[in-house]
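Student: Spelled out from the first residue to the last, the chains are:
Number of protein chains: 2
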Amino acid sequence: MTETRPAPWGETTVVGKPRPRVDGFERVSGRAVYAMDVTFPDLLHAAIVRCPHAHARVRKVDTSKAERMPGVRAVLTGGSPGANLPWHFGEKGPLSLLFDPHCRHEGEEVAAVAADTPQQAKDAARAVAVEYEELPFVVDYADALKPGAPAVHDSGNRNGEPDKYERGDVAKGFAEAEVVVERTFKTPCEIHTPMEPHGSVAKWDGGRLTVWDTNQGVFDIRSGLAQWLQMPLTRVRVISKYMGGGFGSKLEPGKYTVIAALLARKTGRPVRCFLSREESFLCVGNRPPNTLTLKAGAKKDGTLLALQLTGLGTSGAYPDGSGAGYLVTDLYSCPNVRTEETDVFINAGKSRAFRAPGFPQCAWALEQVMDELAEKLGIDPVELRLKNVPTVSQRRKNQPFTSTGLARCLREGAEAFGWKAARATPRGGGAVVRGVGVAAGMWGWEGEPRSTIIVKYAADGSVDLGMGASDIGTGTKTVMAMVVAEELGAPLDRIQIDHADTGTTPSAVSSGGSQTTHVNAPAVRAAALDVKRQLLEMAAEQLKVEATSLSLEEGEIVAAGPPEAKLALKDLKSLQEQQVVVGVGHRHPHPKDKIGLPFVAHFAEVEVDTRTGEVRVLRLLGAHDSGRVMYPLGYENQVFGGMTMGIGFAMTEERRLDPNTGRMVNANWHDYKLPTALDVPAKPVCLPIDPHDTEINTVGAKGIGEPATIPTAAAIANAVHHATGLRITEPSINPVQMAQKLWARR
Amino acid sequence: MTETRPAPWGETTVVGKPRPRVDGFERVSGRAVYAMDVTFPDLLHAAIVRCPHAHARVRKVDTSKAERMPGVRAVLTGGSPGANLPWHFGEKGPLSLLFDPHCRHEGEEVAAVAADTPQQAKDAARAVAVEYEELPFVVDYADALKPGAPAVHDSGNRNGEPDKYERGDVAKGFAEAEVVVERTFKTPCEIHTPMEPHGSVAKWDGGRLTVWDTNQGVFDIRSGLAQWLQMPLTRVRVISKYMGGGFGSKLEPGKYTVIAALLARKTGRPVRCFLSREESFLCVGNRPPNTLTLKAGAKKDGTLLALQLTGLGTSGAYPDGSGAGYLVTDLYSCPNVRTEETDVFINAGKSRAFRAPGFPQCAWALEQVMDELAEKLGIDPVELRLKNVPTVSQRRKNQPFTSTGLARCLREGAEAFGWKAARATPRGGGAVVRGVGVAAGMWGWEGEPRSTIIVKYAADGSVDLGMGASDIGTGTKTVMAMVVAEELGAPLDRIQIDHADTGTTPSAVSSGGSQTTHVNAPAVRAAALDVKRQLLEMAAEQLKVEATSLSLEEGEIVAAGPPEAKLALKDLKSLQEQQVVVGVGHRHPHPKDKIGLPFVAHFAEVEVDTRTGEVRVLRLLGAHDSGRVMYPLGYENQVFGGMTMGIGFAMTEERRLDPNTGRMVNANWHDYKLPTALDVPAKPVCLPIDPHDTEINTVGAKGIGEPATIPTAAAIANAVHHATGLRITEPSINPVQMAQKLWARR
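Residue numbers (my numbering), protein chains in the order written: chain A, 1 to 746; chain B, 1 to 746.
Keep in mind that the hints were calculated from the coordinates and are not lab data. Don't take every hint at face value.
Identical chains blur together in the list; that is why a pair holds if it fits in one copy or across any two.
[To be verified] When the alpha-carbon atoms are kept at most 27 Å apart in a straight line, the in silico BS3-like pairs for lysine-lysine are as follows: (1) 299 to 60; (2) 299 to 420; (3) 544 to 566; (4) 594 to 573; (5) 186 to 673; (6) 592 to 544; (7) 592 to 573; (8) 300 to 570; (9) 122 to 295; (10) 397 to 673; (11) 592 to 570; (12) 387 to 172; (13) 17 to 299; (14) 573 to 397; (15) 300 to 420; (16) 146 to 573; (17) 683 to 544; (18) 594 to 17.
For reference, chain A alone in the conformation it holds in the complex (with noise of 0.2 Å):
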């Protein structure tokens, strides 16, 4: 299955290049078509009765009237025939039912009506009369594993045994620091709520199951539709061609997609099942809160010693993970490391990984962190990290990494950003003051080198393109036509894709974890050239050249000669005989001594009303080692993207749960603030350090959608705190908040 590793690009004509997207004009016109524009004469409307209480038990559901109501189809409840599914949580096995009698959280499913238009499902869903018992709840994690706490589960409200890491000596290590910082963190739950809300449509021919979803890995939601409805994969078909951001919350299958299928099969019509915007922030995840507190002992020098963080934070009702710690073990260069993190259940909406799960958690404290350690030791901050960049990962048996940009990213950015001169600069004496801050970040994961591709080469030389992973927003269509176009000669607009389909492309890994790109271009490639191989073979047996004389340009075979030749591809007998070109490409496995991991430094420049408390993002400035830059365009709007998601994080976003009810308040999009364009400076600044990394894969690049959202919290909070002196342990940084902190201190 050993596949030759083909050589690393040099200079590229394509690849790298500033194009615009392959699907733009869909995607602007409103030509796309989404999951929720698929629609069928005979489409049914899906609409879910949910739990109101934190925490209840269900009595009785009575259906009879809602099943009377105009255009209602069929009414699914815990009741129904085969409609009772375990429900599993990864391989923690079925710790819940897919209508379980025991609501664990506000919002959990309780039935399922369908009806003709989605009014009619409202309606009726509403007149399914549901007769709770409601139990004590528990909803501040804080709260959770006191005695007496109510239990989310029989098993009691803790999620497993405390995650711990340890390396070195930390007693020793704070021991023989000279100077040593300990505080503690709280970070937000913020809410994934992508543009477009979660669902599907769900269409059975025979015994086929067809689900149009909105999700971010056609493959792994299939893999959990078949495992739920016993069914063969392939008999199992997941398409989502366009989707409207996911942020990680759509890579696991909805129970509304398994809802949508048992009542698409039990009606014999195709349903539709979309959440509205409140289901949304109530039931497909979040990002889990966390109490951090973190402790790091340095020498003089800046050289850290220690670092030792605690921490708690929780994934709602159900298992899924708030583990917040990995920056502290990796980051920097340290001897001594030790965490412990608990997570613990709580009534509230099962967390789902958000962009870089758990690291913008991790930098909200350690970069403080940093910081203040740099305060203490009279070091400029951009310095002290600099001293202590890692070549090695320790947290990884000290293999090295196949690059560390981290220096570049922090000296490059800070040129950039002019970080000495705005430094230095007064912070301003009046009401309205400005600082600067700093924060490094990386991503700790080099993705599954798993992607399978096949690329058809036809007879008038246009391609189709054919590829399981999602393209959720990034690019990643674009990215991957360039790849062919770069090995095959062949223009943009004549190479067609098929993506997102478990029916008609191979496997593909989801896109998620920063690793689309990464894993899938290598594969793309290797298509491509297993395509270019077969042509140039083909060409050489008619030629009666070597192949390795010729190459495949625009149209044409050429050979380099002597002699000189050409021969169009309409005069390559065996192409048109053939009529097509197929090649398969496999991601080969990843370097098994090294790892590859992007690294960041987001710098910040902030101004602060100290009257009102209101803060104002004038500059960030992201430099980012996501090893090459494949597509331009699309880097740079996860740069500007994930720092816009950082600004929410620091500043705007949190799930406020009401501790008298255990319910939400603020479950819209009016309560729940997203940061909008005036809360984002004018002009971000993107800066790839661009380094080819020539040993993690074929293409030299790097995962970029996580570490462009990891630092930049913290070096707001950073910036907040050079321009006021305060120390920002909470977000969000707003001016209720600032403002008590400033009239504090009066």
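Start from chain A and add chain B according to the hints.
Tutor: Chain B alone, transformed into the frame defined by chain A:
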């Protein structure tokens, strides 16, 4: 590009066994989605304005009234910008335009309308005011070459030079012959008139056109559309998942498809354009009518010495070819053969390939002449044919046939039919007489050995088969699933098929020419074997044994040992890591020095009421050498369907053109008579000779679709002659003709 050719199958466990169709449920339940069923919320409906005259020039088209009618979204005429594309005919280049002002037959396209509903479109089409200058016409092909005949094309009415073939010395052959027979035959113009009319739904997504179409080969349709619309192949997607019959008339793209595409582009909305039954009689093909004068000479022992055919036919108003001489040149051993055939233009719809183009016509003449020869020689008709069975193709440089089952078809067919007894039985002395007849045939095309197949094997052992070929109702999907099941041990219900979609499947030849099974099945087998090889290599690596000691059974790898071992797929690490194994297979080339073609003998028994002229076909038996029977149900369907079509050709079907107006007078299912259940024998017999042709390809199958209809009509005519002594040279064998002939000799 050479792949090792696998050994031919011996005994098979799935292939050749009686199994229901894999898509049987969809077909009989009405769930199958045909092109006509494809719909969109904003779908528009097209109607075409057609010339009502046999020959006319369009002087003026006034669309102003139509454009103002309710629901009308677009009107296209020859004057619309970009609409009037040159219309190609194979390699003959453009001889016409999409909307040609010179209308050469009734039904030619003049304009088209798209509207919100089909009714609105039809109303608006009627409201397009067209001013025609009527021209003199010719609709009788015997008149077309007469001096002063109206010219269909400016270049005249001759479609190229006559088609000639000659071997040996025909004059010498006839001089040496002891018995000579010469007779002139005529054949009817049949209309394909499949259950499902012709039509397309066209939709643009940005620069990509998707067409849901009813056709026999999506890749050929794609090539045509790409040529007309000047687009890269991969930007045109043609899909044909189910289709309700074509019989050759759906091999080429129709103007309706291009019209739908242009209207869709103009309106920015998807457009459906389907022909009415009446339109389909006029404009989408027919079997050309022929006049064939055949002369045969033999020795007294029955050895054929000379054959000479002079033919005239017409492919209508545009070039297609009406050749009907093949059987004369290759069905029997004969040293001296000459054929000369002339094709002329008339003012009628163009012909298209029709199940065994030219062959039933030729069999009609040749097999009646053989019958007459046998009578004159006093030799049994079966014995006369056996005397002249060929072992080499004299037409093709005396290359041997890979297998010639003709003798077995004749002998075993005669045996099963009870030929000798029936032939010896008195015909009946009363008003109702009986007779039996035989006729032989062969098919003349090996098919194009071009098929590329992709098989994807998922982690749970379920399979996706990606195949470009259409299943035109013959059961191709079932055959190919059986081939996969045979090689991969996967049960049929775990094999999912994606087919006939140029966007997602590899290239394939069209399903026509009796090539579908024997061209595609070897490629499917090769792709499945490619998957198996990879799986066994993966297992060998894991088990540390030789791959050759391993076999793949359902859900597990079995090591023959020692030591014996089993490895479940879920434990096959590389498969689980990779999640999919992709196999690519090609059809290997035909043997270079041999020809592989199917042979057939049909036996018929008829009853003639000499008072009324009514003829009933009592019995039909089809004995076929089509190589291995892959899928018995489909094979029988083909034989019964073919024989039924033969009844139509002999007894009921004929296009009638009014000599006064040049218009077709029976362009509907009431006046154009298709054979019905009452016209066919209650129990037709399918007798597969079933030799496994191990030389022609790796599955041993030859074609069955076309041989099944070639000799039926001739066998019926010969039976009528046996019953009545009347030689019927012109169909239809209907009561009118029979009564005239029977009464004439009283």
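Student: Up to 27 Å between alpha-carbons, please classify residue 122 paired with residue 295: within, between, both or neither.
Tutor: Answer is neither; intra-copy 52 Å and inter-copy 80 Å both fail.
Student: Check residue 300 against residue 570 for me: Cα-Cα at most 27 Å, and say if that holds within a copy, between copies, both or neither.
Tutor: Answer is neither: 72 Å inside a copy and 55 Å across each miss the 27 Å cutoff.
Student: First find the shortest C-alpha distance between residue 592 and residue 570 inside one copy, then the shortest across copies, and answer within, between, both or neither for a cut-off of 27 Å.
Tutor: Intra 44 Å, inter 24 Å, cutoff 27 Å: inter-copy only.
Student: Is it within a copy, between copies, both, or neither that the alpha carbon of residue 683 lies no farther than 27 Å from that of residue 544?
Tutor: neither (58 Å within a copy, 59 Å between copies)
Student: Within a copy, between copies, both or neither: which one fits residue 17 and residue 299 at a CA-CA cutoff of 27 Å?
Tutor: neither (45 Å within a copy, 81 Å between copies)
Student: Between the shortest in-copy and the shortest cross-copy C-alpha distance, which are at most 27 Å for residue 592 and residue 573: within, between, both, or neither?
Tutor: between (43 Å within a copy, 17 Å between copies)
Student: Using 27 Å as the alpha carbon limit, work out where residue 300 and residue 420 are close: within a copy, between copies, both or neither.
Tutor: within (21 Å within a copy, 114 Å between copies)
Student: Which holds for residue 573 with residue 397 at a C-alpha limit of 27 Å: within a copy, between copies, both or neither?
Tutor: Classified as between: cross-chain Cα gap 24 Å, same-chain 55 Å, threshold 27 Å.
Student: Go through the copies and call it for residue 146 and residue 573: within, between, both or neither, with a Cα cutoff of 27 Å.
Tutor: Neither, since 78 Å and 44 Å both go past 27 Å.
Student: Go through the copies and call it for residue 186 and residue 673: within, between, both or neither, with a Cα cutoff of 27 Å.
Tutor: The answer is within: 18 Å in one copy meets 27 Å, while 84 Å across copies does not.
Student: Have a look at residue 594 and residue 17 and pick one of within, between, both or neither, based on CA distance no larger than 27 Å.
Tutor: Neither: 29 Å inside a chain and 55 Å across chains, both beyond 27 Å.
Student: I want to check one pair: residue 544 and residue 566. Are their C-alpha atoms no more than 27 Å apart within a copy, between two copies, both, or neither?
Tutor: Within one copy only: 13 Å inside, 48 Å across.
Checked against the numbered hints given earlier, this structure breaks hints 1, 8, 9, 10, 13, 16, 17, 18; the rest are met.
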